[in-house]
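4 protein chains.
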Amino acid sequence: MPRKGKAAVYDAPNQPFRVREYPVRDVKSGEVLVRVTMKTICRSDIHSYQGHRPNPCPGILGHEIIGLIDQIGVDVPDDMRGEALAPGDRITWTEYFHDGPSYYKDVHDMPQKAEGVRKYGHDLAEEDPHFLGGFAEYCYLQPGTGIVKLPAELSDAEATPLNCGIATMMAVVEATEVTEGDRVVVQGLGLLGLYGCAIAKARGAAIVIGLDVVPQRLAMAKRFGADHVLDITGIPAQEQIAAVRAFCPPDGADAAIEVCGVPTAVPTGVRMLRTGGRYTIGGLVNPDANFTVDGNDLLKRWITLRGVHNYHPRHLVEALDFVMANRNRFPFADIVDAVFSLDQLDDAFRKASEREVLRAAIVP
Amino acid sequence: MPRKGKAAVYDAPNQPFRVREYPVRDVKSGEVLVRVTMKTICRSDIHSYQGHRPNPCPGILGHEIIGLIDQIGVDVPDDMRGEALAPGDRITWTEYFHDGPSYYKDVHDMPQKAEGVRKYGHDLAEEDPHFLGGFAEYCYLQPGTGIVKLPAELSDAEATPLNCGIATMMAVVEATEVTEGDRVVVQGLGLLGLYGCAIAKARGAAIVIGLDVVPQRLAMAKRFGADHVLDITGIPAQEQIAAVRAFCPPDGADAAIEVCGVPTAVPTGVRMLRTGGRYTIGGLVNPDANFTVDGNDLLKRWITLRGVHNYHPRHLVEALDFVMANRNRFPFADIVDAVFSLDQLDDAFRKASEREVLRAAIVP
Amino acid sequence: MPRKGKAAVYDAPNQPFRVREYPVRDVKSGEVLVRVTMKTICRSDIHSYQGHRPNPCPGILGHEIIGLIDQIGVDVPDDMRGEALAPGDRITWTEYFHDGPSYYKDVHDMPQKAEGVRKYGHDLAEEDPHFLGGFAEYCYLQPGTGIVKLPAELSDAEATPLNCGIATMMAVVEATEVTEGDRVVVQGLGLLGLYGCAIAKARGAAIVIGLDVVPQRLAMAKRFGADHVLDITGIPAQEQIAAVRAFCPPDGADAAIEVCGVPTAVPTGVRMLRTGGRYTIGGLVNPDANFTVDGNDLLKRWITLRGVHNYHPRHLVEALDFVMANRNRFPFADIVDAVFSLDQLDDAFRKASEREVLRAAIVP
Amino acid sequence: MPRKGKAAVYDAPNQPFRVREYPVRDVKSGEVLVRVTMKTICRSDIHSYQGHRPNPCPGILGHEIIGLIDQIGVDVPDDMRGEALAPGDRITWTEYFHDGPSYYKDVHDMPQKAEGVRKYGHDLAEEDPHFLGGFAEYCYLQPGTGIVKLPAELSDAEATPLNCGIATMMAVVEATEVTEGDRVVVQGLGLLGLYGCAIAKARGAAIVIGLDVVPQRLAMAKRFGADHVLDITGIPAQEQIAAVRAFCPPDGADAAIEVCGVPTAVPTGVRMLRTGGRYTIGGLVNPDANFTVDGNDLLKRWITLRGVHNYHPRHLVEALDFVMANRNRFPFADIVDAVFSLDQLDDAFRKASEREVLRAAIVP
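First to last, the protein sequences are chains A, B, C and D.
When you line the first sequence up against the numbering used here, it's residues 1 to 364, in that order.
When you line the second sequence up against the numbering used here, it's residues 1 to 364, in that order.
When you line the third sequence up against the numbering used here, it's residues 1 to 364, in that order.
When you line the fourth sequence up against the numbering used here, it's residues 1 to 364, in that order.
In short, the hints are calculated from the structure, not lab data.
There are no misleading hints in this set.
Below, in silico cross-link-like pairs of lysine-lysine (DSSO-like), each with a Cα-Cα straight-line distance of 27 Å or less:
#1 D:Lys28 <-> C:Lys28
#2 B:Lys4 <-> B:Lys28
#3 D:Lys300 <-> B:Lys119
#4 C:Lys300 <-> A:Lys119
From just these sequences and the hints, can you work out the full model?
What follows is the structure, given as structure tokens:
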């Protein structure tokens, strides 16, 4: 008798999810069928759900997913660490997939920018293989997905954000060239900012300074490695700059990272830097994020400004290494602070969108 | 009526090649069928032919190949530059292919070291698709091959060595971090050494010093960018070092490249370097290439010693760019100094192995 | 009898230079006395002369200077290449000097940004040692100046711009990470732009595209390595971008360099780049050079934007290497297209400021 | 009345130290007079003392020194962090000094390799300023010394090794390019090895594996960040390699560091690496440290082998940052496990040379 699986389907923006069943077929060559054990709601899922950006309907949202291998197709290689995969293995995987050659992948080692790259959580649910998103019982991993086996000691709550927030911040902090002894500013202490603080510390930053306007986030950032936090509610840019510079003698911070989504934070953050400082834009994910800077200041002070979006498959491997090496140092498990069932997805999205919870997890 | 194509088959080491016919079938998904227009005999083909290293028999040797696209399978992407491919296009391609994920490819961006990577010219001729080497009328490009279209103005003789010697040396000189103003030593002025001189100059080297024992090579190196050449026949290491250092005040060369295949050249070359100098091993392709160095000297002088083998697909793109940008500066076309037909392959191999010719080309 | 030397003194903005005599004393420890043989008028000299930026009066302008060593103080070390200095040697030197430890010099290897760094051509002429600028018969090099001996075959006209325009562009093109095969845009084809084109080619750029509005500059750029030049007079940004992209398939240029001094060129140039492209601001030397960019575009396309100002002493060594290695490739000597005597300095400044000449040289 | 100060003078190898007095004069321009508060005995002091390497006699050994500023000469700049210096400040400083331009300093940013660089603890005690070593009450810091102020919360025992072992290992681990997620082997767990383990962890290494033959060192390494330690007493190279590789699936360690002083450790360590791995020689400080490697293996596996000796002044700043940021993570204070007075120096040297103590400190 053919198998079936449940999915919470997104029919239209701002409409309740509807739980439906779809057929679960045998894997094709190159595919891996996963029985999902946990998924978390990402801010971008909320953007899609609220209709702020187009997503195919009806569809299955969600890309922060982990699960157990149910079935493995022929020609499925080892995981990215070179470990053989077998049914029952608990795995995470890149939130995107791309198979075959590509200009950006082959020439510039940027598979995340390959033409035709696809992302989990962005397909029509009505078409085979139906299960390509997180809010469902199953997910079919497609050829060109980077898979990593999860160590047994890592909890589901620690593991689920790996393939989105943590891997992205591995790329962001790497691009910022944070190294031993650096003084690093993190503008915005949402999930990305918390991971940013922790990763900067893990790479040897001497001082991490976190900026936000939400007291709970500031408190959480101290637990995620921030040495100093500043509540910038109502604080003019000039005073923010002075406050950061007071922590970074003689001439400012070595690096700053934008993960607050506010374009004007960029020129403010740039002025927190010393000559030769590096600035990375990691949070301006919405279009028309215009800001104005003084090119003469960039020139005279040898500032480097860089944008980073998505991540390379190796960053997922590094994300796992980072969490495993720092589990006792930073409270990764506390990020997931609410758990819901698939039937409670409406409630979970509401609470996540209203920021009542930090990271909402869904379990079967 | 089914098509057939000819191939010069290698049955056993040191035996004459035998020209046979194999069926030419329609391409499968991901394959490209190429009608070969030119191939050249690489030193490694000669090593296989002479039995110095194992190669499947009967087989079709040769990996330095160019040709015209005959047929393109479904799912074949654009070339690595993002240009659409069509029948009739003249192309070159990576000498190796690998499809699907891999630890070295995905995590370390070293597709050339992916587990299971295969190389053209290393398969049994009796099995489908038969044509996977150069000394034949056709070649089936497999999924995971990096393809680049060739500009019309580039002659076949200029284009054929791109995917082996030139691309390899792009990797070697890049790993040597040769940059504007460097003084660079090239030990060995065979084909790799000639390209090494030219690429070093093209990257801005101020002075390139070439070392060899063959007068014709020394003369050719001057045409390929060497500012100084030294005939080291019978010259003790200490004198070679002094001669190079005289060209590189105040304290030696910035970089040196080994492409002579002689292990003892390494410690000699290292002593030609200034403190902080870089040394790349590019020619020790045979096993047990032992050499002895003084680790205290490496330590005190901050020497970097690095091995490089094969190349990344992007190096093939860069190789083409390099030749196109420097065609009037270096006599690339003169590298191929003898042309043979497929029937004359025995003669071509003999002349190539006895170094009567610099690079023997085979045309249909 | 004490020696005296002449200088063309700058008394106030827009006033005629007055030739006066000052005493020439014996060198102190660490000083080198140079008999100036040529100096050229830099655009920044004109800015000072016209009163657009403050400069001590009465003073001796000019920092692009070469000359013959007249006297060497005790404790003067070898030149930066490690060659001993002697009276009679013809030399160039860094346009700035700084002696002793400094945060930026010692910790960040940015001596050009050391606190208290001083520049030749920016001191009062009435105070000892009087001769610290170019438009005079002598110049006293101070401790902390990087000196390089000039090869005999290099003409004065080729050598004089080394320590300003060429060394600066060595730093700019290096920061742009221009390498083998790159497609590079240069916005602005004044002196810096011409050198930028040539250096990009010398580092292996496959295609250099120069943009300007002055036909003579566009023509000159072709001689300095530009493969394509675009007269952008009246051309909207969108069309400039399309024109550049047509030369750079499949997705734009690898790098772009701003040396036109126009802030709005930056967002235009950024959109000429491929994903992962690098942009360097090298010409926005005047304050308040504001421009507006879309941070979301920088983020999605992984753009790197970097400012560069002045240069490291090693760039002067590299500048000399670059010119020596490329003298037959680019017409460096043609840059200096008018020669004046010290008495004709007013005329020289007028012609230079009105761009009647490309680079005006002054000889004793 | 003129001041005098005591010093434990080294008259000849293996002779008892003799405590003598020398005059303490006012500082000259650029000098800083320091009242020494602690110094530690470095392994290289023992080598000098035992006559294994030449050192001027009579002299004052010792370069691992901290102290309080007694007097500051004119023209002494701020410390390397840009903080003003004043009498009474507790400071550390680079173990070497070099003033003025130099080829290696100015062109290659390697001041530690400048021609004529001098090291504290390597001068004749009979000549002015007498106090240029550690085992004395005073030390005259010379122009060209990089100085850093010490934070009050850092104990003398934590601070004294900064300018030798810790700063050196900052350079070694940086050259090894250790980054987030790396698996790192440290061969030799003496003082350098302990710091190497800790710095590798602080830079984000996922797994650090320490090798030694002394059980106490293996135990100490676990406290300094080693995840795994291997007692290699009597273990053949092949088994060491297998043991390390078992910790580093799928194909070996990312990096290895030699700080054991045994040349044959190098080829063994190289075979512990994955393709593309990095190996740094940090401990082969004695001449004729010959080892033999297979260049073909280096080539095929893209191995990088690098020597590192001494450090850049910025590494001292980074060393301080590292210790301040990781004081609660690693037991730096426990390194100094025995304290002696200047009069007990013979006893201290004996215990240090017989490895009865890990790091012997001398206090006034």
